[in-house]
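Chains L and V, in that order, give the protein sequences.
Everything in the first sequence is counted per our numbering, starting at 901 for the first residue and increasing by one.
Everything in the second sequence is counted per our numbering, starting at 358 for the first residue and increasing by one.
Everything labelled a hint here was simulated from the structure, so no lab data went into it.
Be aware that a few hints might be false.
As the list claims (entries may be wrong) - Quick list of the computed label-pair ranges, beta carbon to beta carbon: (1) L:Arg1068 <-> V:Arg371: 40 to 46 Å; (2) L:Ile1537 <-> V:Gly387: 36 to 42 Å; (3) V:Ser377 <-> L:Arg1068: 30 to 36 Å; (4) L:Glu1356 <-> V:Glu419: 23 to 29 Å; (5) V:Val383 <-> L:Glu1356: 42 to 48 Å; (6) V:Val383 <-> L:Ala1086: 33 to 39 Å; (7) L:Arg1076 <-> V:Pro458: 58 to 64 Å; (8) V:Gly396 <-> L:Glu1388: 28 to 34 Å; (9) L:Arg933 <-> V:Gly396: 53 to 59 Å; (10) L:Gly1322 <-> V:His488: 35 to 41 Å; (11) L:Gln1225 <-> V:Leu463: 56 to 62 Å; (12) L:Glu1388 <-> V:Glu419: 49 to 55 Å.
Unchecked claim - Here are some chain L residues the structure puts well away from chain V; computed CB gaps all over 10 Å: (13) Asp1063; (14) Arg1361; (15) Lys1393; (16) Glu1565.
Unchecked claim - To be clear about the criterion: a stretch of chain V counts as covered by chain L if any three or more of its residues have a C-beta under 8 Å from a C-beta of chain L, and this derived list gives those stretches: (17) 378-391; (18) 396-403.
From a predicted model like this one, the values you see are computed outputs, not experimental measurements.
Beta carbons are placed, not taken as given, at the ideal position from N, Cα and C, and that holds for glycine.
Each chain, letter by letter, is given below.
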Amino acid sequence: MEELINDFIAETRDMLQALSGAIVAWEAHPGDRERLDEIFRFVHTVKGNCGFFDLPRLAQLSHAAEGALAEVRAGTRTADTRLVNAVLAVIDRIGELIQALETGEALASEDDEQLIAALGTEIEVSVPALEPAAAPEIETRKSQRSIRLSVDLLDRMMSGVSDAVLARNELARRLRDAPRDVEVEAAFERVSACIAEIRDGITRTRMQRIDSLFAGLPRLVRDLAAELGKQVALEADGGDVELDREMIEMIRDPLTHIVRNAIDHGIESADERVASGKKPAGTLKVSARQAGNQILIEVADDGRGIDGDALARKARAAGLISAEQAEKMTAVQKTALVFMPSLSTAEEVTAISGRGVGMDVVRANIERIGGVVDIDSRSHQGVRLCIRVPLTLTIIPALTVSAGGQVFAIPRSAIDEILRVGGGSVRIDGVGEAEVATIRDRRVPLIGLADLLGVEPEAGREDQKLILLKPAGGDVYALAVDAVHDHEELVVKPAAPAVMAAGLYAGTTLADDGSPILLLDPSGMANCAGVSFDEKEIDALLAPAGEAEAVRETSLLLFRTLDGARRAVPVALVERIEDVPVETVQRSAGKLRVALGGRLLPLAGCDAAPAEGKLRILRLTDGVSELAYGFAEVVDIRAVALDVHAAPAPGEVGGVALIDGEHVEMLDPYWLFAAHADASPDDGARPVCALPEGDPWMENMLRPLIESLGYRVVAARDGVAADILIQSAGTEEPQGSAAQILRIRSQSEAAGDGSIYRYDRAALLSALTRNAKGQANG
Amino acid sequence: MAELLLIARLAGRRVAFPASSVEAVVELEGLTPVPRAAGHVAGLSALRSRVLTVIDAFASLEFGRSEGLSEAIVVPSDGHTYAIMVEEVEDVVEASAPPSPIKAPLGAGWDRAATAMVEVEGELFLLIDPHQLIAGPAAHAA
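Isolated chain V (complex conformation) (with noise of 0.2 Å):
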C-alpha cells in the first residue's frame, strides 16, 4: 500500500510529511511563550489536558521566526507531543510512487529536514521528517 501523506504549506512551499507521524491537525488557542528556550521552540499550548511543545518550523529551518501562525500538525516523538506550526494544512494524498533520495543540495534548513522526495500525482513533494524539525538547528549542529 502506498504511503499515506499529509501536504501542508511550509515557509512558501508546498511539503509533505508522512501521516503516520502525525497524529492530529489542530488550531492553536493561546501560546505561552518560553523565555529562553531554543529559538525553534514557539512556546507551549494546551491540548485539551496535554501541553504540546509548539515548535516554529520556519525558525528550525533557520528562516527567521513565522509571525501570525495558527495552524499545526501535532506530532508525538519520544514521550512528548508537539505541535509544528505551517501555514496551511492542504490535504492527505497517497504517493504515486516510493520516495526517491534527493540528488540536489537545497539549501541549510531544507537538507537538514528533508529526507527523501516524493512523488504525488505527477508532481513532486520534499518528503519532511518532523523530528529533525522538532530536533531544531542547534542539535544537528552537535
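Next up, chain L with everything else stripped away, as it sits in the complex (with noise of 0.2 Å):
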C-alpha cells in the first residue's frame, strides 16, 4: 500500500507539473476545449485514485471540480472567470495537499468548503483571491527510496547491455579458435555471468506489478454499480503477476472497457438476480496469472451472458453476415459476433459501455500487441473472457527460418504446427496460379515465401517445410520456407516506416552473430499474398468449430469388384494390395482364407476363389487384425466430400454415393472386420475402447491419444462390448455392454449431459485414465 500511494503522489505531482500549462491557457481561454478536458481528466483521476486509497478530502475537492468541469462539458454551464478561479483555487488545494501527504504532515482543512462552495452556480460566495502558491517553508522531505525513470533511459540502458552481449558472443568465439588458456577463460566466464546478471537485471526494471493495473478496479466497480444501482462484489487476484511496463499501459484500457461492459451489461439489477435464483450480488472476478510466456487476465462475471441469437439478429440487420451464415452459426460463433465492429447488444445505447470503444476495439487493441481474447459466454451464467498477452513487448519468442538463401524469424505464437512436403501427411495442389496444401483431410492455402519476398528459392517444394500459421483474426495457411533453423528468444525492435511500408514484416532483431534478422508479420503476408479471409472471417473467430464446419473429405481407393460392382473403400484401411495365387485360397475353419506370408487372412469379397491364375486382394486392416478383400481392378483414387446414402440393412456394404455421376458402393469396414476377422488373441489383456466409425475428427485426433493410454480401440457399433465407449454428443448410442460412456461435444460451450468438449483434453485424459486404472487394478 505504502509503495502505491508513493506511486500515486509521484504520478499527480508529475501530472500536475505538466497541466501547469494548460492552467495559464485555460485561464488565459476559458472557451478552450482541449485545456478544459486535460484539466477534467486530471481531476477526474485523482478523484478516482484517492478513492481507493481512502483519502476523502482530496477526494471531495477533485469530486466538487468535476461535477463542475462536466457541467461546462456539457454545455449546462460556462467557464467564466469567478469558475476559473474557483477551479483552479482547487487544483492549488491538490497540490498542497499531495505536498502534505508525501512530507507527512497535516494540513488544515478549514476552507476546504469554502473552495468547493466557490464552485457553485450560487454568486454570493466569495473566492480566495488566487494568489501565487507560497513557497513551502520546510523542504521536509522523506527520503525516497524510488526514483522515477524514463523508459527511454530504461531502452538505453537495454541496448547497451545487448551490445556488450554481442560483444562477449564475439569474444567468446574469438576464444575459442585462440590457444586454451585456463585463466583468460576464467576471466572470460566471470565477465559473460556478470553481463548476464546485469542483462537480467535491467529486463526486470521494466517490469511491473499488475496491482497497478488493478488499483483502479474497486473504484471503477463501485462508482459504477451505484450509478446503475446494482450490486456488485469485485474479487482481484494474482496482483503479483509482473508484466512489462509499457504492456500494462496498453491492457490498461481495454481492461477497463471490458469491466465496464461486465457491470452495465452482463451482471443483472438485484431483483432481477433474486428473481432467477441468484445472489442479489453480482459477483466479478479479476485474476491474472502467468502460464509459460504469457500472461492470462480473466474477468468472469456470474450475470446473464451474451445473447448470441439477438447479436446474430444484429449482425444480420445490420447486413454483416448472411441469412444463411446466421443459421449455420453455432452458439460459440454467435457469442464471438460481439467482436464485430459496430455491434452492441444493448438495446439502447447506456451512459456507461453503450459508446465510445466497442469490442472490436478492445480486440484489436490486444491483438497489436500480439495477444488474444477469447470469450466463452454461459446463458444466465455469465461471461468469462480471457486476455492472453506475451509477458514483454521487445522480448519474444520466434523460429528462424530460410527462404533464398535468407534468414527471417516468424512469431512462434502465430505456429501451429512444422511439416516437411515431402513426408506422407501433405499433399500440394494448384489450382490456378494459387496452390493449396491439404493435410490430413484439410486444406489450406499455400504461400511460398520465397514467391512472396520475390526471391528465388533454393529448395525445390518437395523438399521445403510447411509452417502452418495461424494469424491473430485470420484464418490458417502454411507457408513453404526451404529450410527451419532454430527457436529462439529474440529482441525485437519496430523496423523503420519504409521497410514497414512493405506489409509483410512486423519487425527487426539482431541474430547471436549480430547481422540484422527482420521478423516476418504472419497476418501482413497473409494480406500481401492475396490470401482472403474475409468470408472466413466469422469462423476465424472461434478456430476449432471452424475447422469442424469445413467440408470433410475422405480418401476413397475405387475399386471393381469381381462381379463387376463398384465399390470404394477409405484409402486409410488399406495395407497394400497384392495378387495372390489361387492356390493360397481355402475355405477352411467355416471361413474362406488365404494364406500369405505365413499367415492366414479372412478373406471377403468373394464367396469362393476363382477357378485359376491369380487374385487381386486388398489387405486392409484396423489397426489390430486384418483382412483380405477380393476385387478384380482398381479404378481411381479420389478425395470426395461423401454424401453416403446407407444400406437398410448392414451388411458388406454400407450405403452407396455418387462419384463422378456413378453409383459407388461404399464398404462397410466395421461390418467387414466384424465378420470375417478373428479375434486377436492377446488383446484382452488391454482394456477396450469403442470409438464410433467414420467420424474423421475421432479417427484422426482421438484414437491416437486413446490408444497412446493403452486402450485397444474397436469400432462401436451394436453388440460390440467395451469398457469404454466413446459417443459424439446428441447421437444415439449403439446397442452393447460398455462400463461407462463418454459423450464427446464439439462445441466449447457445456451442454448440460455430462459431455466433454472435444479440445479439452484435460478432462479426456482424466475421464480416459480414470477407467484405464480401474481395470488395471481390477
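Each chain sits in its own coordinate frame; assemble them with the hints.
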C-alpha cells in the first residue's frame, strides 16, 4: 500500500507539473476545449485514485471540481472567470495536499468547504484570491527509496547491455579459436556471468506488478454499480504477477472497457437476479496469472451472459452476415460476434458502455500487442473473457527460417505446426495460380515465402518445410520455406517506416552473430499474398468449431469387384494391394481364408476362389487385425466429400454414394471386420475403447490419444463390448455393453449432459485414465 | 557561428549535409536485403546492437541503384536510425555564408533532396536534406 501511495503521489505531482501550462492557458481562454478536457482528466484521475486510497479530502475536492467541469463540458454552464478561479484554487489545494501527504504533515482543512462552495452556481460566495502559491516553508521531504526513470533511459541501458552481449559472443568465438588459456577463460566466464546478471536486472526494471492495473478497479466497479443501481462484488487475484510496463499501459483501457461492459450489460439488477434464483449481488472476478511466457488476465462475471441469437439478429440486420451464415453459426460463433465492429448487445445505448470504444476495438488493441482475446459465455451463468498477452513487448519467442538464402524470424505465437512437404501427410495441388496444401484432410492456402518475397527459392517444393500459421484474427494458411533453423528468444525492435511499408514485416532483430534479421508478420503476409479471409472472418473467430465446419473429404480407393460392381473403401484402411495365387485361397474352419506370408487372413469379397490364375486382394487393416478383400481392378483414388446414402440393412456394403455421376457402393469396413476378422488373442489384457466409425476427428485425433493410453480401439457398433464407449453428443448410442460411456461434444459451451468438449484435453485424459486404471486395478 | 557541413560525394556530385543531422560516418559491414521494400531501401545493417536501415541515395534520387558502396552516413530520423550510402565522405567544414535558395531547376531527384545552396571557401555546394533521401521518391509523390 505504501508503495502504491508513493506512486500516486509521484504521479499526481508529475501531472500537476505537466498541467501548469494548461492551467495558465485555460485561464487566458476559458473557451479552450482542449485545455478544459486536460484539466477535467486530471481531476477525474485524482478522484478515481483517492477513492481507492481513502483520502476523503482530496476526493471531495476533486469530485467537486469534476462536477463543475463536467457541466461546462456538457454545455450547461459557461466557464466564467469566477469558475476558472475556483477550479484553479482547488487544483492548487490538491497540490498542497499532495505535498503534505508526501512529507507526512497535516494541512488545515477549514477552508476546503469554502473552495468547494466557490465551485457552485450561487453567486454570493467570496472566492479566496488566487495568489501565487507560497513556497513551502519547510522542505522536510522524506528520503525516497524509489525514483522515476524515463523508459527511454531504460531502453538505452537495454541496448547497451545487448551490445555487451554481442561483444561477449564475439569474444567467445575468438577464444574458441585461440589456444586454450585457463586463466583467460575463467576471467571470461566471470565477465560473462556479470553481463547476464546485468541483462536480467535491466529486463526486470521494465517489469511492473499488475497490481497497478488492478488498483483502479475497485473504485471503477463501485462507481459503476452505484450509478446503475446494481450490487457488484469485485474479487481481484494475482496482482503480484509482473508484466512489462508498456504492456500494462496497453492493457489498461481494454481491461477497463471489459469491466464496464460486464457490469453494465452482464450483471443484472438485484431484483432480476433474485427472480432468477441468484444472489442479489453479482460477482466480478478479475485474475491474472503467468503461463509460460504469456500472461492470462481473466474477467468473469456471473451475469446473464451474452445473447448470441440477439447478436446474430443484429448482425443480420446490419448486413454483416447473411441469413445463411446466421443459420449455420454455432452458439460460440454467435457469441464471438460481439467482436464485430459496430455491434452492441444492449438494446439501447447506455451511458456507461454503450458508446466510445466497442469490443472490436478492445480486440484490435489486444491483438496489436500480440495478444488474444477469448470469450466464453453461458446463458444466465455469466461471461468469461480471457486476455492472453506476451510477457513483454520486446522479447518474443520466434522460429528462424530461411528462404532464398536469407534468414527470417516468425513469431512462435502464430505457429500451429511445422511439417515436411516430402512426408506423406501433406499434398500440394495447384489451383490456377494459387497453391493449396492438404494436410490430413484439411485444405489450407499455401504461400511460398520465396515467391512472396520475390527471391529464388533454394529448395524445390518437395524439400521445403511447411509452417502452418494462424495469424491473430485470420485464418490458417501454410507457409513454405526452404529450411527451418531454430527456436530463439529475440529482442525485437520496430522497423523503419520504409521497411514496414512492405506490409510483410513486424520488426527487426539481431541474430547472435550481430546480423539483422527481419521478423515476418503472419497476417501481413496473408494480406500481401491475397489469401482472402473475408468470408471466413466469422469462422476464424472461433478456430476449432470453424475447422469442424469445413467440408470433410475422405480419400477413397475406387475399385471394381469380381462381379463388376463399383465399390470404394477409405484409403486409410488399405494396407496394400497384392496378387495371390488362387491355390493359397481355401475354405478352412468355416471361413474362406488366404495364406499370406505364413499367416492366414480371412478373405471377403468373393464366395469362392476363382478357378485359376491369380486373385487380386486388398489387405485391409483396422490397426489390430487384418483381412483380405478380393477384387478385380483398381479404378482410381479420389478425395471426395462423402454424401453416403445408407443401406437399409447392415452388410458388406454400408451405403451408396454418387462419385462422378456413378453409383459407388461404399464398403462398410466395420461390418467386414466384425463378420470376418479373427479375434486377436492377446488383446484381452488391454482395456477396450469403442470409437464411433466414420468420424475423421475421432479417427485421426482422438484415436491416437486413446491408443497412447493403452486402450485397444474397436469400432462402436451394435453388439460391441467395451470398457469405455466414446460417443458424439447428440447421437444415439449403439446397443452394446460398455462399462462407461464418454460423450464428446464439438462445442465448447457446456451442454449439461455430462459431455466433454472435444479439445478439453485435460478432461478427456482424466476420464480415460481413470477408466484405464480402474481396469488395471480391478 | 557558421553552420558545420559534411561534404560528401553522392551520385557523382559533391554535396553538403548539415553536420548536425549526421550522427556518424561508418563503414557498413554486411547488408541484409529487405525483399519487397521500397526501392531506395538497400537493406539492413547492424551498428553494434542497433539495426540501421540502409538507404540507397542513388535510388532515392531516382538515378537507378548504386552498387558496391560501403561508406555511409548515419542519420537518426523520427525514432529510427538510417545509414545513407554515399560514394565518399570528404570532410567537415564550416560554411562561409548562410545558405541561399536555389534559383535554377536541378532535375527531379535533386530538386526534392536539395534544400539550398551553400558556399564553402568560394565553392558552391547543394545542401542536401538527408530526411528527404530517407523518405524516398514515393513519399514525395503522395
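Verification of the hints:
no., hint, in the structure
1, L:Arg1068 <-> V:Arg371: 40 to 46 Å, "holds, 42 Å"
2, L:Ile1537 <-> V:Gly387: 36 to 42 Å, "violated, 50 Å"
3, V:Ser377 <-> L:Arg1068: 30 to 36 Å, "holds, 34 Å"
4, L:Glu1356 <-> V:Glu419: 23 to 29 Å, "holds, 27 Å"
5, V:Val383 <-> L:Glu1356: 42 to 48 Å, "violated, 30 Å"
6, V:Val383 <-> L:Ala1086: 33 to 39 Å, "holds, 35 Å"
7, L:Arg1076 <-> V:Pro458: 58 to 64 Å, "holds, 59 Å"
8, V:Gly396 <-> L:Glu1388: 28 to 34 Å, "holds, 31 Å"
9, L:Arg933 <-> V:Gly396: 53 to 59 Å, "violated, 44 Å"
10, L:Gly1322 <-> V:His488: 35 to 41 Å, "violated, 50 Å"
11, L:Gln1225 <-> V:Leu463: 56 to 62 Å, "holds, 59 Å"
12, L:Glu1388 <-> V:Glu419: 49 to 55 Å, "violated, 39 Å"
13, Asp1063, "violated, 4 Å"
14, Arg1361, "holds, 19 Å"
15, Lys1393, "violated, 6 Å"
16, Glu1565, "holds, 53 Å"
17, 378-391, "holds (count 4)"
18, 396-403, "holds (count 5)"
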